[in-house]
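Engineer: Each chain, letter by letter, is given below.
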Amino acid sequence: MRIILHVWRQRNASDKGRMVRYEVPNATEHMSFLEMLDVLNEDLLARNEEPVAFDHDCREGICGMCGCMVDGVAHGPLPGTTLCQLHMRYFKDGDELYLEPWRARAFPVVRDLVVDRSAFDRLIAAGGCISAATGSAPDGNAVLVPKENAERSMDAAACIGCGACVAMCPNASASLFMGAKLAHLGLLPQGQPERARRALAMEAQANRELFGSCTNAGECEAVCPKEIKLEVIARMNRDFLHASLSGR
Amino acid sequence: MLLDSKSPTGPIETRWDRHRFNLKLVNPANKRKHKIIVVGSGLAGGSAAATLAELGYNVHCFCFQDSPRRAHSIAAQGGINAAKNYHNDGDSVYRLFYDTVKGGDFRARESNVYRLAQVSLNIIDQCVAQGVPFAREYSGYLDNRSFGGAQVSRTFYARGQTGQQLLLGAYQALERQIGAGQVRMFPRTEMLDLIVVDGRARGIVTRDLLTGRVESHLADTVVLATGGYANVYCLSTNAKGSNATAIWRAHKRGALFANPCFTQIHPTCIPVSGEYQSKLTLMSESLRNDGRVWVPLANGDKRAPSDIPESGRDYFLERKYPSFGNLVPRDVASRNAKQVCDDGRGVGPSGLAVYLDFRDAIERLGQPVIKERYGNLFDMYERITGEDPYKTPMRIYPAIHYTMGGLWVDYNLMSTIPGLYVLGEANFSDHGANRLGASALMQGLGDGYFVLPNTINDYLASTKLDKVDDSHAAVRDAEAGVTDITKRLLDAKGTRSVDSYHRELGKLMWECCGMSRTAAGLQHALVEIPGLRERYWRDVKVLGSGEDLNQSLEKAGRVADFLELAELICLDALERNESCGGHFREEYQTPEGEAQRDDEHFSYTAAWEFRGVGSRPEMHREPLTFEYVHPTQRSYK
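Going down the list, the protein sequences come from chains A and B.
Anchor point for the first sequence: position 35 equals 38 in our numbering, and the numbering is continuous, going up by one each time.
Anchor point for the second sequence: position 58 equals 64 in our numbering, and the numbering is continuous, going up by one each time.
Here chain B stands alone, though its shape is the one from the complex:
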């Protein structure tokens, strides 16, 4: 299979403009004749559904939650990047582009990243117009902060609830279109298969989570904006419901899955406290702007943090990376935390934590300033741990947080199935092997507000689509497949709960394919996963029926997909014999212990083609070329 990225060529500054000009348009009067399905209602799906409806398309939008406002984008705390250069500190579209390509460890497509940096400007304008209450300076101008490894102040924020406020903006725009009858919303409805007719995506099969009814929805195109797959690891910072089912089942219908091993660990999460733990809570990375990360200098020093004098503390990030200090990128911060814990210097009951200390910042700025900046985060930390971070340092540990990999898409955000578009975290496109802080919100909204609404016209205008109805064999086949999965899960009548299998898979993945990976560990996981999957289908226990609200059954289907996707993640990690970004292979590191990329052999996107469960998928390569940002060893010293 030839992967055509459809990336424009020529000067990068004008690529998106020229590309847009070359795309066909749909006559305004014809737009209402087209129906578009959008799955997911987060920043990417919500903004796309609203914008497509504003343009005049008929949109059907689906989410599994009870309301589109619940999507997990809502939990993003820190902020959203935009190259506004409002602070005259040297920022520009080019610099944001440069930082993103470099931050992604040279595994992203230059054209896409440049476009993302360009539309970042429009996103802020759009959100302000919608009434997003961004932080302001006393002058009334928008406030910015520097965030997660950036040396310029380009991050816009709304307290520690930026994701919530941006999502409410998109949600309100979406509800406006629902009120106007231009969007039909299907909450508590889960997509369980993609309908492909004559090689084109023409609809989805859904299950109504309240009635269990399996139903087909047909349309001219399908847009997936269903988020990432971090919950493969069971314990992650994702919402409990976040799942990979939509993208995985589209993958099984022919959409290639790109770079699945590029997963991101977030350095500042609250450590695990016990077996019953249901999820990990992230503390915004903005905390690293003022907090200092340290562990005791001596191995096994069990004194209370306040009893350890300066001379007994190792501020290991500041020591190893003097110019970036506590603000090194996420992967670097996470790996270093793991390293000091592996050395036996971790803190807290489990020994799997490091301190994030605000003592100096409180002395320098005063408690009111710290409270204004991080008050809600401090409150949250205290509620969960019972400790007051104004008095005693926070304990943090890395956790899986975001997945850079996802369905492969071209420059138009179309997958390898014609008519199937993939937006936001669900695609692989813009972050390479590592995502910079405050860039997820930017990509989700960029894709939904400004990219897809331009590119989708071209497909609709240039494609002749035959009429399809429910009686088509492809539709009936997909419906039957979905009904069969439900039946098999209910009929297994085994002995162990869905959660127990999910936990087992998560532990295996965290150990073998987590913060650092080895060929031996990955090979071990690749032997274990098929066995676990086989036991799951034989022995899983799901009570109740498929005809009403059955939360165990919902989970069971999602975990079944995680058990397949996990294998692909490990395989991809094993094949990529280099370290880059979030993918750290212990065999490939510099003498100083930094990630060692191998551009000669691995400067490509690995896009996997499904060949059946348990059969080896086929890898296709999209070579990456860097005309503007020349690959260098990332250095944050």
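Extracted from the complex, chain A is given alone in its bound form:
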């Protein structure tokens, strides 16, 4: 199949950047989207043009490294799927696609489709964890966790930190990412002692990183490759409110 691509090319953070049109004449339905970009890059190299830079690593949808906007939708048209797991069988011969990097002030463009998502790491460093120094743990079965809580915690913990939620949000809010972490840890008994502090610390850091606020647009949930639910944001707001009012 023949695919026409318009790809955002930007040399570095200070470059202005522009869309460039390419053709991939020899794509097949079994290729993943990134394999189609590999084929494009091999063609570019043969023509002495620099390949398109894009982040990727595991290519099985779990590391969270890949992703770009495909026709304005983070990770492309297939719900619950990272770009590396999206296969060309979901496109038609002759399709014309526009590829852009994640769009958010907190995620500056590094080059082409590569952005800097270190703001996510700083959100976690600010408090997105349980402080359990190695060696201090009691037996694994000493604290029981109701199965339902463990399952809901796991639903939220499935977040891969890809940044699609931020890229798709009209406010570039990191609420789904933060809410997922707060729900993952806040649904477990081990996460209770620091629950209020965690919500306050992550929220404060999000403001420093210039992530926007949540207005319940729901775009994040629609593109999340791990299908994390909007309810984690409601949970976060409750935790934040409670922590603010209780003065902790």
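Certain hints may be false.
Among the chain B residues that face chain A by a calculated CB cut under 10 Å, a handful are [claimed, not checked]: (1) 132; (2) 133; (3) 143; (4) 216; (5) 219; (6) 373; (7) 521; (8) 606; (9) 607.
Since the hints were made in silico from the structure, they are not lab data.
Ideal placement from N, C-alpha and C gives every residue a C-beta, glycine not left out.
Position chain B relative to chain A; hints supplied.
Structural biologist: Here is chain B on its own, set in the frame of chain A:
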């Protein structure tokens, strides 16, 4: 060179305790005076960096990805073993030790394996405390399953994302220390050389992948936790970025490389679909708990699987291994799949696949139970192949997945370069010639959380280190070497892409040094590889500059190292005239076609010393002794 494993002697149950007592400690107030470099941020590196920082050391941690959370440990699906015996089904530390030594086909060091089984208990406790959402029973207790050839239920899991959840636990502990200023993190930074001063590892040379800046980092010790080298084969289940550069360049600085030919093939991967294929996707081996492996009984039977009646199917694992059935170890399952495909009974367009069928399990347990157990794996399979495994059997084929070999380390996890520690898949230590399922996560976290933080004190407390700065000749020499490699790759201005060479190397390795090996095939590879390497340096084409983000240039350096390491793998495979674990030499098999070990001649670890590119490396032997688990022919009949 005398290889001193520093293994304690005496009763195995108390070796680690006694050894720890004999190790020197560093006074808490002095710990902050020491700086430790950790390269890699996966389960081993992330847990080590976090734990060392908790103890008070200053840690500088490096990874090539944009965040430490991306390390490839994240892709492990099935689970993590621990000898908790929560199910009262006869498990114990001793049994996990026994299973691991036997599963490794008697090519691992007993002391190390026993310690691994011991710390497995602490790992689960630690991970639960960090908030890893392990699967639970309705009672609230931790759930377990039996996994990959084990006859007890000792595998803890978090859906099909156990590696991800364990890594996030370690990552969050690491980020906590970064937030506290105890760890300085260097993402998108690749280690390109080891700095050795007066025979001791004192630092690394790195390249900032965004700016291209080559920089030296000096410290008191260096810890490598940079994973395995399966990407030598180009198509593997490893992440695209996984590479051997850190361990290979340390090897070239004097660290011995042990058992490079011990590579593991994973039986349940999605088959190759075309030339453009960039990687192979693994489906968790837990699928074999409920899925049945089969091929058509008749050669060339091209009917759809649903049209083939029971009488036309060969459930070859159940037939040949009645007591373990579909749960035989990975190497056995893989070789049997290759055999039936070589016989012309393979399925799918390429004929290089076998069925993994859930029809009976769905009938027995119902679709909801299967969905709960494997839902995400089924979804992934459908996304990649376009087929629904609830309705039609999966097609699977083996792929390179893990490397048991790695840098040689002693009981303290120190390599042959004093001050250089190696953890996780990057070392060779615990799995012998074959790794059991759900044991990689255990080893990575065991090394990082519980072993290294105990053993590293001894070196720091007992070693007087001179001050070193950037002007030292060893530092300048290493930096110059790195700059030179970059320049040579950019200046080659040849005709073929890095990927095309990588693919060619991968094909050669898969054919000659893959699932089964012969002396003739290995000799052929040993002739081909140097030629390929020579063409590579002359003819590789890398565009762009070394002064900004240049992903082709990054790959070019890694493939250059694969082209050297590949030769060592083949040489090691050729020298080991026996079959054991993942190393199957066709000349050495029993009349039934099983691996035939030769304990009389090959009960040793082969540790190779670098002698220059293209020169024959020197092999040193660490003899293996088995005081507890006596070598027997592995049998899974």
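Engineer: So, for every hint listed, does it hold in this structure?
Structural biologist: Checked hints:
For the restraint placing residue 132(B) at the interface with chain A, the shortest Cβ-Cβ distance is roughly 5 Å, inside the 10 Å limit, so the hint holds. Annotation: interface hint on residue 133(B) holds; nearest CB of chain A at approximately 8 Å, less than 10 Å. The beta carbon of residue 143(B) is positioned within 10 Å of a beta carbon in chain A (closest approach about 7 Å), and the interface hint is therefore held. Interface restraint check for residue 216(B): the shortest CB-CB distance to chain A comes to about 6 Å, inside 10 Å, so the restraint holds.
Given the 10 Å rule on beta carbons, the hint for residue 219(B) is violated: about 14 Å separates it from the nearest Cβ of chain A. Contact between residue 373(B) and chain A, as hinted, is not supported at the beta carbon level, the nearest pair being about 18 Å apart and thus beyond 10 Å. Hint status for residue 521(B) relative to chain A: violated, with the closest Cβ pair at about 22 Å, above 10 Å. Evaluation of the residue 606(B) hint against chain A yields a violated restraint, the C-beta minimum of about 43 Å exceeding 10 Å.
The restraint placing residue 607(B) at the interface with chain A is violated, with a minimum CB-CB distance near 40 Å, outside the 10 Å limit.
In the structure shown, a violation is registered for the earlier hints numbered 5, 6, 7, 8, 9, in ascending order.
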